[in-house]
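Hints are included, so try docking the two chains, each in its own frame, into the full complex.
Chain by chain, the residues:
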Amino acid sequence: MGEVTTNIPESKPAVPMPGAENAGDVQDAKFKSRNVDVFYGDKQALFGVDLDIRANEVTALIGPSGCGKSTYLRCLNRMNDTIDICKVSGSIELDGMDIYSNALDVVHLRAKVGMVFQKPNPFPKSIYENVSYGPKIHGIAAGKTELDEIVEESLIKAGLWNEVKDRLDEPGTGLSGGQQQRLCIARAIAVQPEVILMDEPCSALDPIATAKIEELIDELRANFTIAIVTHSMQQAARVSQRTAFFHLGYVVEVGATEKIFTSPDDKRTQDYITGRFG
Amino acid sequence: MTDIVMDSSSQPTNHNQDRATRASEAVKRGLKKRYAAEKRFKAYGIGAIAIAMGFIAILFGTIISNGLPAFSETVIKLEVNVSEEIIDPTQERDPAVIRAANYRKVIFDDFRALFPEVTARRDKRDLTKILSSGTTFELQRLVTEDPSLIGKTIILEVPVAADFDLYNKGVISRDVGEDDRRLKDKQLDWFDTLVEKGMIDTRFNTTFFTNADSRDPELSGILGAAAGTFFTMLVTLMLSFPIAVAAAVYLEEFAPKNKLTQIIEVNINNLAAVPSIVFGLLGLAMFITFFGLPRSAPLVGGMVLALMTMPTIIIASRAALKAVPPSIREAALGLGASKMQVVGQHVLPLAMPGILTGTIIGMAQALGETAPLLMIGMVAFIVDVPGSITDPATVLPVQVFLWADSPERAFVARTSAAIMVLLGFLVFMNALAVLLRKKFERRW
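Residue numbers (this note's numbering), protein chains in the order written: chain X, 5 to 282; chain Y, 22 to 465.
For reference, chain Y alone in the conformation it holds in the complex (with noise of 0.2 Å):
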C-alpha cells in the first residue's frame, strides 16, 4: 500500500515531464510539415490565379487583335464631276429632281475613266465593285444638302468595298488561289493601280461609330445598337431603381417580420436565380401580346431588363440598410424623429453607396443581356439610329450576336470592335460603381 502511494506521488512529476518534453519533440516534428503544408496551399492559390489572368488575357488578346482592324478603314479619294446633264438636265434645281437623280453614272462614268483600258462588260462591273454602295448615298446627300455643287467637280473621299478594305489591311492576301478568295486578280490589279496613283488612304475609322447596322460591313457602325442601349439602360433603370429601392426600404425598415414576409424575401432571392430567356418570355407574353406594347422597342427591352434586375438590386441594397448600425437609427427615434424621418434622413443616406454600387452591378448584369431581348424582337436588322423609347432598336450584346452570325468576313473585326465598346462600357461602370463607394463610404 505505501510503495503504491510513494510511485504515484513521485510518477506524476516524471510522467508531466516527459510528456512534456515528448509534446515539444512532436510540435518540432509537425512543425517541417505544417509549413509545407502552407506552402502548398499559398502556391495553388497562385496558380489558380495565374490560370485565371492567363484566360483573361487570352481573351482580352484575342479580342483586340481581332478588333483593331475594325478602328481603321481604307477610303479612296474618287474626283467626280457632278454634271448637270445627268443630275439636272432641266436646270431647273427642283429638289425632286435632284434627289432622284441618276449619281451612280456620274460616279461610274468619272471612276470607269480612270481604267479605260477595261472595256469588257463583265470587267467594267468587276471593276465598279472596288466602290461601296455608299458612295452614290453619299454623293447624293452632299448635292441634295448643296445644289450649287452641281456642275462643278468635287473630291469624294468614301470607303472602298469591305473586301477591298480587308485586301489593303492584309487579311485577304494574294498568296491565296484566285478560287479561294472573293477577289479576282485582275481586282486586285486595279486596287494596286488605284494605291499607286496615291487615291487610297486609310483613315479612322468614323463610319464604325456614325452608322447603325448595314447590310455592307463598310458602312455599318455601333450607334444604332448603342443608341438602343442607352435608352433601353434608361428605362430599366428608371424602373427598377426605384421600385427596388422602395420594396428594399419596405421589407428591411417597416414589414412585420412573419410568414408572408419571409415567402416574399424567399421569392424574391429565387427571382434573382431565373434564367433570363424566362423573362423574354414573360415580356412577350405580358408586354407585347397582352398590353400590345410595341415591339423590338427599347421600352419593353427595358421594362423586361428591369424585372430581371431588380432582384440584385433589392438584395444589394437590403444588405446596404442591414449594415447601418442600429445605434443611428436609436439616436435619431431616441430624439423623437419618426420612422419615415429615421429611415429617410439617416439611414437611407448611409446605405446609399451600398445601394449604388448594387445598382450599377445589376445594370451592368442588364447591359451585357442578350437572350431575353431575343424574346420581344430585339434582334432585329435596324438601319435607322432609334431616336425614342418606342423606335425599333437593337441593343450592343444583339448587335455583337448579328454580326458574329453574318457571313461575310469584314464583320470578324467589327464584332470584335463591337465586344470592345460593350466591354468598355462594363468597364466604366463598374470603375463608377468602385468609385462611388469610395467617395460616398462614411465611417461611424
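Extracted from the complex, chain X is given alone in its bound form (with noise of 0.2 Å):
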C-alpha cells in the first residue's frame, strides 16, 4: 500500500500474479469487476471477467478483435446500455459501490466516468461549446467565468490550448483529427471525472497525432485513472502501466505491463504478443 502513495507505479515490481485468472485482485482498484457476463442477444461476448483497474494508473486492454475488451470498457460507464439486446450481469463496483446498482445513477456514473472514442466525435459545434457542454449540463460552473476557466484549464491539460486559444468560436469539427481527438479528451476532462475510458483513441490518427496523444495520457495519469483498449501492443508497452489481455471473451492473463511483454504466463498471451495469432 506504501507504493501507492508514492504513485510512481513504473518503479513498483510486478504484483504477484499466482495464476492468471484471478490475477486483478488488487487492493487499490478502482474498478472491481467480478464474474462480468455480457450477453448480445443469445451471442455471450464476456465470461467470468475478473478484473480490476487502479486507481491512477493507465490499465491497457489488449486482445485479437472481438475478444470483448471494449465491450468490457463500455460496461463501465455503462454504455453498453444503449443497446437493448445486450445484457451484462456479475458485479462492476467503482470505489466500492456497485454502478449497476439502482443506488447509482447512470448520469452520476458517466460524470464520474468519462470516455473518449475510437473515432474523434467533436459535437458540430464551436471548441468551446465541445467543451463547456459537460460542465454547463451538471451544473459544475457557477458563472461564465469559472465556465470560461475549466474550458482553458481542460482545453490545456488536453494540451490543445496553445492552437485553439484564439479561435474557440470556431467549429470543432474543423481542427485536424489528432487536434480533434484532443478536444473530446479535453471535453471529457472538463466534466472533472474520476476516470477516462479511451476505445482505441489513435486508431483514426497518423503517427505524430498518436504521439501526442500517448504523451497525453502518461500526463493525464497524474490525475485520473484510465483504462485504454488498443490494438497496438506498442502503444499498450509504451503507455500503460498493467495489461490484460482478452481472449474469445476471457481474461486470459493481467499483469504489470512490463511482465505480460517480458515474460507471460499463460502460452496464448506469449503467441498474440509475439504476433502469432491477432
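Check the hints yourself; a few may be wrong.
With a straight-line cut-off of 30 Å between C-alpha atoms, the simulated DSS-like cross-links for lysine-lysine are [claimed, not checked]:
{"hint": "1", "chain 1": "X", "residue 1": "K123", "chain 2": "Y", "residue 2": "K459"}
{"hint": "2", "chain 1": "X", "residue 1": "K129", "chain 2": "Y", "residue 2": "K360"}
{"hint": "3", "chain 1": "X", "residue 1": "K123", "chain 2": "Y", "residue 2": "K98"}
{"hint": "4", "chain 1": "Y", "residue 1": "K460", "chain 2": "X", "residue 2": "K140"}
{"hint": "5", "chain 1": "X", "residue 1": "K161", "chain 2": "Y", "residue 2": "K360"}
{"hint": "6", "chain 1": "X", "residue 1": "K140", "chain 2": "Y", "residue 2": "K360"}
{"hint": "7", "chain 1": "X", "residue 1": "K140", "chain 2": "Y", "residue 2": "K343"}
{"hint": "8", "chain 1": "X", "residue 1": "K36", "chain 2": "Y", "residue 2": "K360"}
{"hint": "9", "chain 1": "Y", "residue 1": "K278", "chain 2": "X", "residue 2": "K91"}
{"hint": "10", "chain 1": "X", "residue 1": "K47", "chain 2": "Y", "residue 2": "K360"}
{"hint": "11", "chain 1": "X", "residue 1": "K129", "chain 2": "Y", "residue 2": "K460"}
{"hint": "12", "chain 1": "X", "residue 1": "K47", "chain 2": "Y", "residue 2": "K278"}
{"hint": "13", "chain 1": "Y", "residue 1": "K98", "chain 2": "X", "residue 2": "K91"}
{"hint": "14", "chain 1": "Y", "residue 1": "K343", "chain 2": "X", "residue 2": "K129"}
{"hint": "15", "chain 1": "X", "residue 1": "K116", "chain 2": "Y", "residue 2": "K98"}
{"hint": "16", "chain 1": "X", "residue 1": "K47", "chain 2": "X", "residue 2": "K91"}
{"hint": "17", "chain 1": "Y", "residue 1": "K280", "chain 2": "X", "residue 2": "K47"}
{"hint": "18", "chain 1": "Y", "residue 1": "K205", "chain 2": "Y", "residue 2": "K98"}
By construction, these hints were calculated from the structure, which means they are not laboratory data.
As C-alpha cells, this is what we get:
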C-alpha cells in the first residue's frame, strides 16, 4: 500500500500473480469487476471477467478483434445500456459501489467516468461549446468566468490550448483528426471525472498525432485513472502500467505491463504478443 | 503412361496461352456491343427527360398563355355628377339615407347621356350592360365614405363588364356571327365609341388581388381564397408539426423496439398512402358531425389536412433522426447527458434541416389538396375575405375548381391565373425547403 502513495507505478515491482484468472485482485482498485458476463442477445461476449483497474494508473486492454475488450470498457460507464439486446451480469464496483445498482444513477456514473471514442466525435459546435457542454449540463460551473476557466484548464490539460486559444468560437469539426481527438479528451476532462475510458483513441490518427495523445495519456495519469483499449502492442507497452489480455471473451492474463510483455505466464498471451495470432 | 504425363505437363501452358489470346479477342469483340448498349441507355435517359420537360413546357405554356390576360383589366373612366337631388334630397346628410340612395340612377343617367341617340327601352338596357354591377357599389362606397362628394362631379374608374373586357382583349371577336356571341353588334359599336372617346383604358388587374369570389367575373379575385389558404395552412402547420415531430422523436429515440411499435410504424406508413378524400370523410364525420365544429371553416380544413400531412412529416423526421450519426449520441451520453438532453440538444438540432424539409414538402402537398376540403364544405361560394379560422372560407385549389366549373367565359383566364398563383406558392415553398436544407446542413 505504501507503493500507492508514492504514486510511481513504473517503479513498482510487478504485483505477484499466482494465476492468470484471478490476477485482477488488487487492493487499491478503482474499478473492481467480478464474474462479469455480457450477452448480446443469445451470444455471450464476455465470460466471467474478473478485472481490477487501479487508481492513477493506465490499464491497457489488449487482445484480438472481437475478444470483448471494448465491450468490457463500455460496461464500465454503462454505455452498453444503449444497446437494447445487451445484458450485463456480475458485479462491477466503482470505489466499492455497484455501478449497476439502482443506488447509482447512470448520469452520475458517466459524470465520474468519462469516455473517449475510437473516432474523434466532436459536436458540430464551436470548440468552446464542445468543452463547456459537460460542465454546463452538470451545473459544475457557477458562472461564465468559472466556465471559461474550466474550458481553458481542460484545453491546457489536453495539450490543445495553444493551438486553439484564438479560435474558440470556430467549429470543433474544423480541426485536424489529432486535434479533434484531443478536443474530445478535453471535453471529457472538463466534467472532472475520476476515470477516463479510451476506446482505441489513436486508431484513426497518424503517428505524430498518436505520439501526442500517448504523451497526453501519460500526463493525465497523475490526475485520472485511465483504461485504454488498444490494438497496438507498442502503444500498450508505452503508455500502460498494467495490461490485461483478452481472448474470446475471457481475461487470459492480467499483470504489470512489463511482465506481460517480457515473461507472460500464459502461452496464448505469449503467442499474441509475439504476433503469432491476432 | 510417360507420354501422357509429358502431355499433361506441357499442355497447360499452351492451353493457358490459348485461352488468354481468345479471352482478349472476346473482350475486343464484346467491347463494341457494350459501348453501344451504354450509348443506347444514355439515349433512353435523355429521351425520357426530354419528354418530361416537354410536358412541363406544354403545361406551363398553356397555363401562362391562358392566365396572363387575367392580370390586366379593362376599365372605364366615367364622369359622374353626384346629384344631390337623387342621393340626398332632404340635404340632411343622414348616413342611412346616403347609403340607401339610388346610385344606379345617378350612374345610368350620366352614362346614357353619352349616347343620346339610344332611345329604345331595350337598347338602353343593352347599353348599360357595358357597366359592371360593381360600378354602383364603387360609387356608393365613395360617397358613403366622403359625403362631401355629393353635388360634385367625380371621375369613376371602374372595370367594365366581363364580356366587354374580353372583347377589348380580343377574346370575343366581331368576326364571329352575332348569334354565336354574347354581345350584340350594337353593343360592340357603343363600346368602340367609348374607346374612341378615350374613356376605355387597360390597367394592371388589382381587383383580382383585392377581391374575394364573385358571380361577376370582373369583380372576382383570389384574396378570399388566399386568406382561406393562409388560415388553413396555419392550422395545419400548428397541429401537424409539433405532433408529428414529437411522434417521430418518441418512436425513433425512446420507444422500445417491439411488436406494438412495429405495428404503429406500419400503420403510420400506411396512413401516408390513404386517399385524401377518406380524410375528408373522417373530418366530416368526426369534427363537424360529432364535435360540432363550424362547416366550411379553415379550422376544420386545417385539422383534416394536418391528419393528412402528419404521416409525411413523421416519416421524413424519422429518416432525418436516423441520419444523425450515433457517434454524436455516444459523445453526449458519454459526458453524462440524459436521454432528453441528448435528443434535445444534439440529435434534434442536427435533424432539423431534414425535418423542416419534410414539413415543407408535407405542407406543399396540403396546399394543393382539394378532395378532403370538398367533403367538409370548403367548396362553398364565399364572397367575404375570411378574417379568422372559424369564418367560412375556401382555398386556392378549391377556388380553381370552382372557377373551372363556372360557365362564364371570363373565368377561363381567372382559373389559369389562380393556378399560376397556386404554383407560385408551391415553387416558393419548395425553394424555401431547398434553402433551409442548404443553410442548416452541417457536416460531422
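Hints, one by one, checked against the model:
1. At roughly 26 Å between alpha-carbon atoms, X/K123 and Y/K459 fall within 30 Å of each other, so this suggested pair holds.
2. For a cut-off of 30 Å, the pair hint linking X/K129 to Y/K360 stands: about 19 Å separates their Cα positions.
3. About 77 Å separates the Cα atoms of X/K123 and Y/K98, which puts this hinted pair outside 30 Å; it is violated.
4. For the hint pairing Y/K460 with X/K140, the CA-to-CA distance comes to about 27 Å; that is within 30 Å, so the pair holds.
5. At most 30 Å may separate the alpha-carbon atoms for a hinted pair to count; X/K161 and Y/K360 meet this at roughly 29 Å.
6. Between X/K140 and Y/K360 the CA atoms are separated by roughly 16 Å; this keeps the pair inside 30 Å, and the hint holds.
7. Distance hint between X/K140 and Y/K343 is fulfilled; the C-alpha atoms sit about 26 Å from each other, no more than 30 Å.
8. With a CA separation close to 27 Å, the supplied pair X/K36 and Y/K360 stays within the 30 Å bound.
9. A distance of roughly 16 Å separates the Cα atoms of Y/K278 and X/K91; the hinted pair therefore holds under the 30 Å criterion.
10. For the hint linking X/K47 to Y/K360, the alpha-carbon distance of about 27 Å falls within 30 Å, and the restraint holds.
11. A hinted pair counts as satisfied when its Cα atoms are at most 30 Å apart, and X/K129 with Y/K460 qualifies at roughly 15 Å.
12. Annotation: proposed proximity of X/K47 to Y/K278 holds, straight-line Cα distance about 19 Å (limit 30 Å).
13. Distance restraint check for Y/K98 and X/K91: the Cα-Cα separation of roughly 87 Å exceeds the 30 Å cut-off, and the hinted pair is therefore not satisfied.
14. Restraint check for Y/K343 and X/K129: satisfied, since their Cα atoms lie roughly 20 Å apart, inside the 30 Å limit.
15. Taking the CA atoms of X/K116 and Y/K98, the gap is about 84 Å. The hint is violated against a cut of 30 Å.
16. Among the hinted pairs, X/K47 with X/K91 is consistent with the structure: their alpha-carbon atoms are about 10 Å apart, no more than 30 Å.
17. Distance check on the hinted pair: Y/K280 and X/K47 sit about 22 Å apart at the alpha-carbon level, within 30 Å; holds.
18. This hinted pair checks out: Y/K205 and Y/K98 have alpha carbons roughly 22 Å apart, not beyond 30 Å.
Going down the numbered hints, you'll see the structure goes against 3, 13, 15, while the others check out.
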